[in-house]
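> Below are the chains, spelled out letter by letter.
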Amino acid sequence: MTTTSTTAPLRARSWSSVSDGEQLPPLVFEVTRTTLAKDVAGTRDLYPIHHDHEFARANGARDIFLNTMWYQGLIGRYVNEWGGYESFVRKLSVQMHVHGCPGDVLTVRGLVTRRHRDDQGRPLVDLDVAIANQGRDDAVAATVTVELAA
Amino acid sequence: MDGPYEDLERRLAEYVGRPAARVWSPWPLEASSIRQFCGAVEDANPMYWDEALAAASRFGRLIAPPHALMSLAIDAWWLPADQQAELDRVKAESDEAKARAVLAEFGMRTVTVVEREEEYFAPFGPGDGRIGRERRVTAISPVKRTKVGTGVFFTYEIDYFTERADTLVARARNVTLIYEGGAA
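Sequence order for the protein chains is A and B. Counting in numbering that gives the first Met the number 0, the final residue of the first sequence is number 149, and the numbers go up one at a time with none missing. Counting in numbering that gives the first Met the number 0, the final residue of the second sequence is number 183, and the numbers go up one at a time with none missing.
Read the hints as simulated data drawn from the structure, not as lab findings. Model, not experiment: these values are computed from the prediction. All C-beta atoms, glycine included, are put in the ideal place defined by N, C-alpha and C. It cannot be assumed that every hint is accurate.
[To be verified] Straight-line C-alpha distance at most 30 Å; calculated DSBU-like pairs for lysine-lysine:
#1 B:146 x A:37
#2 A:37 x A:90
#3 B:143 x A:37
#4 A:37 x B:90
#5 B:90 x B:143
#6 B:146 x B:97
#7 B:97 x B:143
[Claimed, not checked] Here are a few chain B residues that face chain A, going by a calculated C-beta distance under 8 Å:
#8 35
#9 36
#10 38
#11 44
#12 45
#13 56
#14 65
#15 66
#16 67
#17 112
#18 119
#19 147
#20 148
#21 181
Start from the sequences and build out the full structure, keeping to the hints where you can.
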C-alpha cells in the first residue's frame with residue numbers, strides 16, 4: 000500500500016454544497032522505484048529519462064522522475080475521489096516545478112477557488128491542486144475544472 | 000539571443016502554425032490499457048473498473064479517465080520495422096519534426112515538459128476505436144539559458160479525435176523545454 004485510502008469512497012458530491020475556499024482532504028503517495036516502473040508501464044512512456052538513471056543524471060536530473068501523465072493520473076484520481084465517481088474532469092493544467100523521484104513522499108492538497116456554471120449550465124468547480132514533496136509545497140501545481148454530477 | 004542562434008530563430012519561425020496530418024494511436028481504446036493506467040496511480044474509480052456500475056451511471060458505459068488521454072494515445076514503444084517506418088515517414092513530414100531537426104543541429108535534443116494543459120469535451124472509452132491526434136506548433140521562444148541547459152520553450156497543441164464517431168474529444172497545449180541536455 001503506497002497511498003492513503005479514501006475514507007468516503009467516491010460518494011457523489013452535491014455542487015450546491017461546495018463553497019469557495021473549501022479544502023480537500025490530503026492524499027499521500029510514497030514514490031519508489033516500483034512506482035516509476037508502474038508509471039512507465041501504465042502510461043507507456045519509454046522516454047529514457049523516466050527509466051534510465053544514467054540518462055536522467057546526464058540530462059541534469061537528480062534521478063529518474065515521474066512523467067506528466069502520471070501526475071495527470073494522480074490529480075484526476077484525487078479530484079474524482081472528492082467529487083464522486085460521476086464527476087468528470089473538464090480542464091486540467093499541470094506545471095512541474097521540480098522532479099518527482101524515487102524516495103520522495105508526495106502530499107496532494109486541493110482548494111476550491113470557484114463554483115460556477117458554464118454556458119451549457121453544467122455545474123463546475125475550479126480547484127487549485129498542489130503536490131508537495133519533502134522540499135517544496137508546490138513541487139507540482141495544477142488547476143482543475145471538474146464537472147459534478149448534480 | 001545573439002550570435003549563432005539568430006539563424007536558428009529565423010529558421011524555426013516558418014514551422015509555427017500549420018497542423019500536421021492526423022496520426023492514430025497504435026491500438027483502439029481498451030479496458031485493459033485504461034486499467035493499467037489507473038493502476039499506476041492506484042485509481043479505483045468504478046467508472047473504469049465496474050461495468051455494471053458504469054452502465055448505470057450518467058456515462059452509460061465504462062469510460063477512460065479523460066486525463067489518461069495522452070497515455071492512451073501514445074505511440075507504441077516498439078513496432079515491426081515496416082509499420083514503424085510508415086509512422087516515421089508521416090511524422091517526418093510535419094513542421095514539428097522539421098523544427099525539432101533544426102534544434103537538433105544546434106544540439107538541442109532533450110525534451111522536458113514544463114506545462115501541460117488539457118480540455119476534455121466529451122467522455123471516451125472502450126468501443127470508441129483508436130484515438131487520432133492532430134498536432135501543430137504554436138510558439139517557439141528565443142533561445143534561453145536555463146538551469147538545465149541552453150534551449151527553447153517549444154509550445155504545441157494537439158486536437159484529439161475518437162475514430163468511430165469522429166468526435167473531437169479533447170484539446171491539449173504543451174509547453175516543453177528543448178535543450179542541450181548533454182546526452183543525445
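> Could you run down the list of hints and mark each one as holding or not?
Now the hints, each set against the structure:
Distance restraint check for residue 146 (chain B) and residue 37 (chain A): the Cα-Cα separation of roughly 29 Å lies within the 30 Å cut-off, and the hinted pair is therefore satisfied. Pair hint residue 37 (chain A) plus residue 90 (chain A) holds up; C-alpha atoms about 25 Å apart against a cutoff of 30 Å. Distance hint between residue 143 (chain B) and residue 37 (chain A) is unfulfilled; the C-alpha atoms sit about 34 Å from each other, more than 30 Å. A distance of roughly 28 Å separates the Cα atoms of residue 37 (chain A) and residue 90 (chain B); the hinted pair therefore holds under the 30 Å criterion.
For the given pair, residue 90 (chain B) sits about 27 Å from residue 143 (chain B) by alpha-carbon distance, which is consistent with the 30 Å threshold. With a C-alpha separation of about 26 Å, the suggested pairing of residue 146 (chain B) with residue 97 (chain B) holds against the 30 Å cut-off. For a cut-off of 30 Å, the pair hint linking residue 97 (chain B) to residue 143 (chain B) stands: about 20 Å separates their Cα positions. Using the Cβ-Cβ criterion of 8 Å, the hint placing residue 35 (chain B) at the interface with chain A is satisfied: the shortest such distance is roughly 5 Å.
Because the closest C-beta pair between residue 36 (chain B) and chain A is about 5 Å apart, less than 8 Å, the hint holds. For the restraint placing residue 38 (chain B) at the interface with chain A, the shortest Cβ-Cβ distance is roughly 6 Å, inside the 8 Å limit, so the hint holds. Annotation: interface hint on residue 44 (chain B) holds; nearest CB of chain A at approximately 5 Å, less than 8 Å. A least Cβ separation of about 6 Å between residue 45 (chain B) and chain A falls short of the 8 Å threshold, and the interface hint therefore holds.
Of the supplied interface hints, the one on residue 56 (chain B) holds, with its beta-carbon coming within about 5 Å of a beta-carbon of chain A, less than 8 Å. Because the smallest distance between the Cβ of residue 65 (chain B) and any Cβ of chain A comes to about 5 Å, under 8 Å, the interface hint for this residue holds. The beta carbon of residue 66 (chain B) comes within 4 Å of a beta carbon in chain A, closer than 8 Å, and the hint placing it at the interface holds. Using the Cβ-Cβ criterion of 8 Å, the hint placing residue 67 (chain B) at the interface with chain A is satisfied: the shortest such distance is roughly 6 Å.
Among the interface hints, the one on residue 112 (chain B) holds; its C-beta lies about 5 Å from the nearest C-beta in chain A, closer than the 8 Å criterion. The interface hint given for residue 119 (chain B) is met, as the beta carbon of that residue sits about 6 Å from the closest beta carbon of chain A, less than 8 Å. Using the Cβ-Cβ criterion of 8 Å, the hint placing residue 147 (chain B) at the interface with chain A is satisfied: the shortest such distance is roughly 4 Å. Interface hint at residue 148 (chain B): satisfied, since its Cβ lies 6 Å from the closest Cβ of chain A, which is below the 8 Å cut-off.
The criterion of a C-beta within 8 Å of any C-beta in chain A is met by residue 181 (chain B), whose closest approach is roughly 5 Å, and the hint holds.
Of the numbered hints stated above, the single one contradicted by the structure is hint 3.
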